[in-house]
Amino acid sequence: MLKCGMSGTQVKVFGKAIQALSRISDELWLDPSEKGLALRSVNSCRSAYGCVLFSPLFFQHYQWSTSVKVNENDSKTSNLNCKLGMKSILPIFRCLNSLERNVENCRIFTRSDQCKVVIQFFCRHGIRRTHNVCFQESQPLQVIFEKSMCSNTLVIQPRVLAEAVVLFTSSQEEVTLAVTPLSVCLKSSSDEPMDLTNSVYSEMFVGPEEFDFFQIGVDTEITFCFKELKGMLTFSEATHAPIAIHFDFPGKPMALSIDDMLLEANFILATLADEPSRASSQQSLCLSQKQKRSDPMCSPNNNSKTGKNVTSKAPGCILRKTAPKRLYPNETQTDIPVLENCGSPIRKRVNGGDISEVPESSVSDTEETPGSSYLRKFSCMFFGAVSSDQQEHFNHPFDSLATASDTEEDMNNGRSSTF
Amino acid sequence: MKFRAKIVDAACLNHFTRVSAMVAKLAKICALRISPQTMNFILSDKVAGGGVSMWCELEQENFFSEFQMEGVSAENNAIYLELTSENLSRALKTAQNARALKVKLTNKHFPCLTVSIELLSVSSSSRIVTHDIPVKVIPRKLWKDLQEPTVPDSDVSIYLPVLKTMKSIVEKMRNLSNHLIIEANLSGDLNLKIETELVCVTTHFKDLGNPPLASEDASQDRDPEQMAEVRIDIRKLLQFLAGQQVNPTRAVCNIVSNKLVHFDLLHEDVSLQYFIPAFS
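Protein sequence lines correspond, in order, to chains A and B.
With positions in the first sequence counted from 1, the corresponding number in the numbering used here is that position plus 107.
With positions in the second sequence counted from 1, the corresponding number in the numbering used here is that position plus 35.
Please note: incorrect hints may appear among the correct ones.
Claimed, not checked - Under the rule of at most 25 Å between Cα atoms (straight-line distance), these lysine-lysine pairs were calculated in the DSS-like manner: (1) K294/A x K81/B; (2) K128/B x K139/B; (3) K223/A x K110/A; (4) K194/A x K119/A; (5) K207/B x K81/B; (6) K241/B x K139/B; (7) K142/A x K190/A; (8) K41/B x K176/B; (9) K41/B x K143/B; (10) K294/A x K294/B; (11) K207/B x K241/B; (12) K337/A x K128/B; (13) K179/B x K294/B; (14) K254/A x K194/A; (15) K171/B x K137/B; (16) K137/B x K37/B; (17) K294/A x K41/B; (18) K139/B x K37/B; (19) K334/A x K128/B; (20) K294/A x K137/B; (21) K171/B x K294/A; (22) K128/B x K294/A; (23) K119/A x K294/A; (24) K63/B x K202/B.
None of these hints come from the bench; they were simulated from the model.
Full structure from sequences and hints, please.
Now the structure itself:
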């Protein structure tokens, strides 16, 4: 049961978050908890994930109560499990400037008996607008991404990033971020170097002094989807908070995040991986040479002009349902050969121990299509990164993952951040 | 072939950006001719362009603080490139508040015009922005199609009214018909007419003034009140007018009866000639 209220100005920020998430996907999860109200979105190819968590302090009032269900396994709290279509919710938050002007109060609440979210705008002149949006019951997906474990972190004012983004045309699908300890370069990327069409290649070098925080541990070049970057950028301009970019080597997902007292936004984007042969030979990638596209595992709806799929990147991101599914130890055996292929850079980072002990994610419970085994590959990579960090959980990797997924309030894993 | 040039003056850079934006509105793909003294943006009257042609010329020393070029050969000391004009315009637009802009011809897998911009950012550190605009080198045998058009002997020559006014009128007329008749006489009258089955609309401009007659023997006994007219495609006229963001320093319209209309504009020091043929 969710009940929250906000003022006109807060509605604008809330609406901007929804607009930014709409760049990722057509569906939005409304996921309230005692930590606050989280809006989550994942694209169909699982190569981009966005989450904006509004803390209770953001709202004028915020109430969240759960009904605790006890079933035969254990007791668990039930989430709202609310999935909304962007088509239904985006038009409600259109014309944010006029909403900010006219709306005095906005209330959002859910009715536990009906699958409905009610959004009410109390506007000037005594006008009250009520929107009833039906939702689908669906467990939200969450991504576990260890931001503090990334070798490279940049914090930049949105304005600077906006100035860089202006260089590229809206038809530019992907951009590459190339960093060294001395400079940062954002440039347009294209698959074939012999692309003789009219695409202009643009690049911008920014010096370290323009960043609020600059830490480069590994020289690297990562390529990711431009559209999703733009989505995050428009949201950050609304919050006036600096953007933090956390990343590593190509293939490993990157995080764009905003951390402000009242809200926390995280966009996890997959990055294009290098060919596996190269990845295994070097840990620090100075210049990625030929980049091969991983097998596309996108839905058939995705199409592209030049035959390349934006979404057919190496989806280094991992998705786990927040529902406490049991992890099945007997599936670990299948992981080992898979990890040989792609996991080597991560392997080197693990402080001893065997990644193969890490169990599979529950996402693999889905259909046994080639796509899911592909996803499994990367879920293991991810878990490797997580478990290496937690020495205390090392001998009980199941525990760390199980507890992380069981309850929303279990944050005692310390460095692992679930969002 | 070599070409490198640099602009350091902000006013020159803005002017060059405006010229490039104007060209981008007039021709999607155009030829760029680089010669020791001038730079030209050329659209030749191929059928694909609908017979419209354009010749835009600027003196390089009015813009560039440094300018070096080496043409195809000593006798043919020019470079002709074909490019998508919007690419250049967009690249130049990112150079607002630039400290310096360099353009050079490069070959990165394929020929490019590389625009390299040094931006001064707020934190007083400079940012370097580079754009590689793909271009095609136009071979010598095609150069003859890209020469300065000969100005035809026109029947009437007249100064144009404020282009913004003309544009808003033509925009409204566009909704009624695809053809427009421009007619003018030597008494300073210009009319824009559309005629359809249902309605005729004419806008009259008076007292525009006529430039002095160019040639000696053009003191023909032409009745000053007699109109010379040409029927053209209204969309082409609209495209031309839409490209003029700023009112030109000088704007002349030359009409060759039933053949073509020739617009001769001067934007400060940049000359633009635009030819629209009669609708056939």
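Here is how each hint holds up against the structure:
no.: 1; hint: K294/A x K81/B; result: 36 Å, violated
no.: 2; hint: K128/B x K139/B; result: 17 Å, holds
no.: 3; hint: K223/A x K110/A; result: 13 Å, holds
no.: 4; hint: K194/A x K119/A; result: 18 Å, holds
no.: 5; hint: K207/B x K81/B; result: 28 Å, violated
no.: 6; hint: K241/B x K139/B; result: 47 Å, violated
no.: 7; hint: K142/A x K190/A; result: 19 Å, holds
no.: 8; hint: K41/B x K176/B; result: 30 Å, violated
no.: 9; hint: K41/B x K143/B; result: 20 Å, holds
no.: 10; hint: K294/A x K294/B; result: 49 Å, violated
no.: 11; hint: K207/B x K241/B; result: 20 Å, holds
no.: 12; hint: K337/A x K128/B; result: 19 Å, holds
no.: 13; hint: K179/B x K294/B; result: 22 Å, holds
no.: 14; hint: K254/A x K194/A; result: 32 Å, violated
no.: 15; hint: K171/B x K137/B; result: 19 Å, holds
no.: 16; hint: K137/B x K37/B; result: 14 Å, holds
no.: 17; hint: K294/A x K41/B; result: 23 Å, holds
no.: 18; hint: K139/B x K37/B; result: 8 Å, holds
no.: 19; hint: K334/A x K128/B; result: 21 Å, holds
no.: 20; hint: K294/A x K137/B; result: 19 Å, holds
no.: 21; hint: K171/B x K294/A; result: 23 Å, holds
no.: 22; hint: K128/B x K294/A; result: 17 Å, holds
no.: 23; hint: K119/A x K294/A; result: 32 Å, violated
no.: 24; hint: K63/B x K202/B; result: 20 Å, holds
Checked against the numbered hints above, the structure violates hints 1, 5, 6, 8, 10, 14 and 23; every other hint is satisfied.
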